[in-house]
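As given, the protein sequences belong to chains L and W, one line each in that order.
Counting from 545, one number per residue, gives the positions in the first sequence under our numbering.
Counting from 61, one number per residue, gives the positions in the second sequence under our numbering.
Hints in this document: simulated from the structure, not taken from any laboratory.
Watch out, some of these pointers could steer you wrong.
[Stated by the list, open to error] When the alpha-carbon atoms are kept at most 20 Å apart in a straight line, the in silico DMTMM-like pairs for lysine to aspartate or glutamate are as follows: (1) K70(W) x E640(L); (2) K238(W) x D621(L); (3) K116(W) x E641(L); (4) K116(W) x E71(W); (5) K204(W) x E269(W); (6) K199(W) x E219(W); (7) K238(W) x E640(L); (8) K116(W) x D621(L); (9) K251(W) x E313(W); (10) K251(W) x D146(W); (11) K251(W) x E71(W); (12) K238(W) x E272(W); (13) K204(W) x D653(L); (14) K238(W) x D653(L); (15) K70(W) x E641(L); (16) K251(W) x E284(W).
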Amino acid sequence: MWLNASPPGAAVPPGAVSPKDAARGAASPGTTPVEPVTWMTEAVRGSAGGRGDRPRLSADSARRLARACWSELTNHDPNVFPVQAERRGVRFYLQEERGGQRLSALVWDGFQWRTVGSLRLPASD
Amino acid sequence: MAVNLVTEYKEHAQSSTWCPGCGDFAVVAAMQKALAALELPPHQVVAVTGIGCSGKFNYYLGANGFNSLHGRSLPVAQAIKIANRDLTVIAAGGDGDGYGIGIGHFLHAVRRNVDITYVVMDNHIYGLTTGQTSPTSKKGFVTKTTPYGAAEYPIRPLELALAGGAGFVAQGFSGDPKQLAEIMKQAVQHKGFSLINVYSPCVTFNHEETYEWWRQNLVNLDEEQGYDPTDRTAAFRYVYEHNGLLRGVIFREERRDYQSELPGYAAEALVRQDLSQPVKDRAELLAAFM
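Using the sequences plus the hints, can you model the full thing?
Right, here's the structure in full:
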């Protein structure tokens with residue numbers, strides 16, 4: 545389900561599918577509702593500390609950081625692309641796609657940003 | 061109408077495999093909006109692409125599509141337009157596809173002036189092959205292929221198009237999809253060849269020219285007092301003086317397109333003509349050439 549190239553120590557956020565599986569239209573395990581901030585918290589905790597140059601965040605700190613990112617993503621200027629938030633070497637994108645939105649988490653591996661997971665969010669209506 | 065048409069395009073489009081945050085998403089979305097605003101439904105539009113990340117443009121646009129060879133989107137697009145003038149034809153590619161292997165076709169398409177729109181998603185790097193120096197990479201740009209920095213000077217597509225006599229030259233930025241959609245509307249409406257070079261950041265491999273970098277460095281022509289996009293010499297000078305770091309419509313000029321210049325070019329699309337000649341006539345025609 546996950547890219548072999550994921551950086552060591554990166555945790556698998558619950559409810560996420562790999563970019564390849566997502567592109568194939570695979571159903572996300574997260575279709576059982578996963579609250580975005582919870583998913584993002586796991587992504588932050590999984591990546592921060594994974595490269596050995598940052599201390600692992602406590603659950604509370606990771607959740608605060610995830611909340612801040614989520615707030616930034618959801619209060620974004622609609623005329624600006626992309627909808628992006630970044631903290632502590634973790635980057636999130638929120639993008640429209642058919643039938644909803646996709647939240648993606650990426651980590652910096654020293655050479656490039658690698659997608660470590662994505663969460664399909666249902667349409668808000 | 062426009063909103064419904066955007067939905068129609070999206071319904072015909074395939075799921076994307078582009079990296080999250082890729083500038084090309086905004087290019088496709090802007091084109092869908094522009095075509096919908098012009099009330100052009102998907103079946104009246106064809107998108108032609110080459111190879112690279114940009115080669116998926118036609119799959120994600122949701123109109124008719126033709127994925128051609130590397131650097132060969134323009135000859136195919138021109139042929140489609142000449143054969144069926146009723147179609148709106150969009151050619152799309154990247155800087156490697158269009159200004160590298162496809163540069164010869166680009167220059168001739170500019171001077172030929174067939175009524176098509178060419179969108180180049182210019183990220184200054186080869187993204188699909190994981191980050192090599194491209195024809196538009198700046199001098200000194202460090203990648204896997206130029207670990208000591210690019211020794212060559214970059215291609216300057218805007219100046220090339222202006223010098224080649226292009227009737228419509230514009231530049232957009234993925235970070236401002238609203239302006240990009242407006243540029244696209246004007247380009248599609250332009251009679252003749254139109255170029256839109258779009259700075260479309262590669263978020264995965266180009267770590268220097270990020271969205272933020274472009275936002276800080278691009279001059280928005282919509283906000284430039286006194287800029288006249290109908291003066292070719294001034295446009296050329298402006299592009300040169302700003303090192304190409306502009307966004308907006310740079311130049312436009314009404315010119316007769318290729319079809320209008322062709323004596324005897326049928327008023328009707330080839331696909332609508334009666335080609336059911338008697339077999340005898342065809343045999344005579346064949347004999348005349350043998």
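Checklist entry - Taking each numbered hint in turn, which are not upheld by the structure, reported in ascending numerical order? => result Those not satisfied are hints 8, 11, 14 and 16.
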